[in-house]
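S.K.: Letter by letter, the chains look like this.
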Amino acid sequence: MDRIPVLKLGDALLVTVQVDMHDRLAAALEEDLTGRIAATGAKGVLIDISSLEIVDSFIGRMLDTIAAVSRMLDADTVVVGMRPAVAITLVELGLELRGVRTALNVERGMALIGRRSDAGRGGDDGGGDRDGPAAEDIDDDGG
Amino acid sequence: MEAAAVFEIRSSDDVVRVRQEVRARAVAAGFGLVDQTKIVTAASELARNTLDHGGGGAVRVESVSQGGRRGVRLTFEDQGPGIPDVEQALKDGFTTGRGLGLGLGGSKRLSNEFAIDSAPGRGTRVTIARWNSR
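Protein chains in written order, with numbering that gives the first Met the number 0: chain R, 0 to 142; chain V, 0 to 133.
Calculated from the structure, these hints are not laboratory results.
Note that the Cβ used here is the ideal one computed from N, Cα and C, for glycine as well.
Hints should not be assumed to be uniformly reliable.
Said to hold, decoys possible - Computed Cβ-Cβ distance ranges for the label pairs, DEER-style:
1. R:R70 to V:Q19: 44 to 50 Å
2. R:R97 to V:G31: 37 to 43 Å
3. R:A26 to V:E86: 42 to 48 Å
4. R:A86 to V:D116: 31 to 37 Å
5. V:V26 to R:G98: 30 to 36 Å
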């Protein structure tokens, strides 16, 4: 069966979704990712969707689920590389991925995750996905 | 490209195929990228509904024109259990399956024309059209 590769990138895991997702592929990705989070102690998961020409509610649900499961394993999920036409369509579809953070590209996604693990090392890590008060707002729309 | 073609929807591979066909039609009708993305996304939602809720079916893909405007019309049909309360099914959040409940209402918003005909035991037919907005 096909699998989507999960790469380690510093404190984070990087997944690049390049193919049309099928149910089984989505389930396999969820399993692979959560296994790798537990094994590596990764603080974040970057999901690069720049290759996807559309995101429908099936893919949206998969992204939401991965974010929720990763959060339980103490890792943040950042979806990166969404195409502008996909963003416009998702909003009209009514799927605003509120449980998932987004960044324009991998570099900015890494910056979000990096800030979070720095804040974690600073001691106060009780605030869920909120950053410290001194943190600069890069891509955070405030939820 | 023929004016109309029918594709079966029996597996998630078929959903992918439907997306590709609809994309090709939208490009041929001169759609811009955003319009292409909207109709392909709507097609994906409805094809998945046909598969997951209708137990499979088919879609008729048509290139249409009206008063100089070109567009794409899609008719999804299944012989599944049907929808008892269509109005409720069009509301966001309504789902009996694994989706987010945005399939019908969402695809309606992504289309310029939308019609649904369904009743328990009679299956479901959904027709959408999107016109080139350029």
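S.K.: Next step is simple, just say for each hint if it's right about the structure.
M.R.: So, going through the hints one by one against the coordinates:
no., hint, result
1, R:R70 to V:Q19: 44 to 50 Å, "violated (34 Å)"
2, R:R97 to V:G31: 37 to 43 Å, "violated (28 Å)"
3, R:A26 to V:E86: 42 to 48 Å, "violated (33 Å)"
4, R:A86 to V:D116: 31 to 37 Å, "holds (33 Å)"
5, V:V26 to R:G98: 30 to 36 Å, "holds (33 Å)"
The structure shown violates the earlier hints numbered 1, 2, 3.
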